[in-house]
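Given chain A, put chain B in place with the hints provided.
Protein chains: 2
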Amino acid sequence: MATERKELSDLGEFGLIDHLAKGITTSNVSTVKGIGDDAAVVDNGEEYGLLAADMLLEGIHFDLSYAPLPHLGYKAIAVNVSDIAAMNGVPKQVTVSLGISNRFSLEAIDALYQGMNTAAKDYNLDIVGGDTTTSKSGLVISISILGTVAKEQVAYRKGAKVNDIICATGDLGAAYVGLQVLEREKQTFLANPQMQPKLDDYRYIVQRQLKPGARMDIIHELNTLGIVPSAMIDVSDGLASECLHLAQNSGVGVAIYEDKLPIDRQTYETAVEFNMDPITCVLNGGEDYELLFTISQAEYEKLEKHPDIHFIGYVQEQSKGNVMVTKSENVVPLQAQGWNHLP
Amino acid sequence: MATERKELSDLGEFGLIDHLAKGITTSNVSTVKGIGDDAAVVDNGEEYGLLAADMLLEGIHFDLSYAPLPHLGYKAIAVNVSDIAAMNGVPKQVTVSLGISNRFSLEAIDALYQGMNTAAKDYNLDIVGGDTTTSKSGLVISISILGTVAKEQVAYRKGAKVNDIICATGDLGAAYVGLQVLEREKQTFLANPQMQPKLDDYRYIVQRQLKPGARMDIIHELNTLGIVPSAMIDVSDGLASECLHLAQNSGVGVAIYEDKLPIDRQTYETAVEFNMDPITCVLNGGEDYELLFTISQAEYEKLEKHPDIHFIGYVQEQSKGNVMVTKSENVVPLQAQGWNHLP
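Here the protein sequences come in this chain order: A and B. The first sequence lines up with residues 1 to 343 when you count with my numbering. The second sequence lines up with residues 1 to 343 when you count with my numbering.
To be clear, the hints were calculated from the coordinates, so they are not data collected in a lab. Hints should not be assumed to be uniformly reliable.
In this list, chains with the same sequence are indistinguishable; a pair is considered to hold if it fits within one copy or across any two.
Derived pair list, reagent style SDA-like, types lysine to any residue, alpha-carbon separation capped at 25 Å [to be verified]: (1) 6 / 64; (2) 136 / 5; (3) 151 / 28; (4) 151 / 32; (5) 6 / 136; (6) 151 / 36; (7) 151 / 45; (8) 260 / 296; (9) 151 / 46; (10) 121 / 17; (11) 136 / 108; (12) 6 / 110; (13) 158 / 132; (14) 211 / 24; (15) 6 / 65; (16) 121 / 32.
None of the values given here were measured: they were computed from a predicted structure.
For reference, chain A alone in the conformation it holds in the complex (with noise of 0.2 Å):
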């Protein structure tokens, strides 16, 4: 008579969203867009409001061991700045709920909201709310951001159309090279304390893990370059997982090279040292928080000689299936592994 228990581990992130998702539906005639893109899209009137919301818990999403908590205050609003980027928005607003333990004093709490506040400047934004309690286990960051986004400039997940050019903004897999450093370090802290710590050669993955930016600067530009994105999503989850999910919403498939991603030399050389394979660290690396967008050909021109934003392939008939093509010139398929913050 035993009903069977369905394990959350078995769906996985992506799962357990799809099958919530299903249950709900919306009814308010101001909800443009609800579950499904980097954020949701409200119609305001003469603009899009854009919502989306991000928690870190600790243990999962960091570790106190090595993350300072003014950078991890930085991370935790510069990922949510990164979900309205996606959306080809601005960010205007933030909520800030936390729950913290009580080994937490008030410099500690200070430090964190230094990082915000450092944060929100960075980003015109303001912190204008939230909730602040105890939290019996670890500490806990909710944020909710708000911004805006003029009706004509909103970009989705769905909208690259066969042909578009797949752009990526900086470098990609530093953040999760950076991680296996500083995971490397804590052990070998926590085999013999009297070591320090060697990150002098890694400063630069390791800050990209610690604390990544959002890439309001590309926003911006596009913007005054009068071009708005195809079709647009940022890289939280790793480069692969990413473009299958721009081509699934838009019901196309896509074409990657693998010579032209674009990688920083100090994750190359560090993956190498760890015996990764660096494009994997590209392809399946999460928390770049880089942008990856579709343009059409038409405007490859105005972004040819941008410094740093690369064209890394393109967009193709869904019947084509989504494909890697090897530096050898061979075609295999794209595969998200990305990462799954499910039990």
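Chain B only, in chain A's frame:
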């Protein structure tokens, strides 16, 4: 050489919020009201947007040994709706961020969402996004809510004027006394697992604790009657605490009458059974999610016969302080104990 560590418990929740708010400035022109009210107010052009967030943590805000998951889901939405109601606004969209431990099955998450979806229907709002992640410890439910209000109808905590009438909806203290019943039955069960909880005689107050509603009905009625409260707040921390918030924000004093305070018979009798003073439960018991607001005397007539709005006192000069007039006509200072969700 040791620097002194400041403990959060010395500050309390409101002290910490005040401390953090001091370090925060707002710079966006669209930010009309930041930290310090039930919701933040942003200028959407045609109307005001309202943004609030509330987080519920297992072991702090709820106990899964007696909180049914559908009720918990409902409550998580309702307490956020109450923040929008307290600004005289209408809720439109929410984001739901969940931290889930691997003790949870898919069926458990479905039960939680069933309650959320029911609340979404009851309050005519849309669940538009959020975040789903593993939690290493307890269940984390973090909600943010977006609402709207006509610019000329927003109600802040400030704005109460001398001689205004203080109104409270529904009845107070029930949720707190209901919690005492649930705690007692839990202890009885732990002492003897053969014992079934006896909740039949306490149905109303237990329901008020487990599945409170937000008073959107009152907001719609006030709107229909053309009444904009001069000041408003929701009763989440206890009546006394909320009265003091209104007084402090409005730069006035308040006088309330013990014999006017609304208390349900079941609340009263159960408080007595527990050897608690019923009036203390009304003043300092939290989580009622009723509305406390002030109106001008000119508007009294419109509400005079409302069965669920109680006129509990009046606004006086700040110099006269904040007082309660007891049944024996003593004038005693109004003091807040309220809740303190800090270690």
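Broken hints, by number: none
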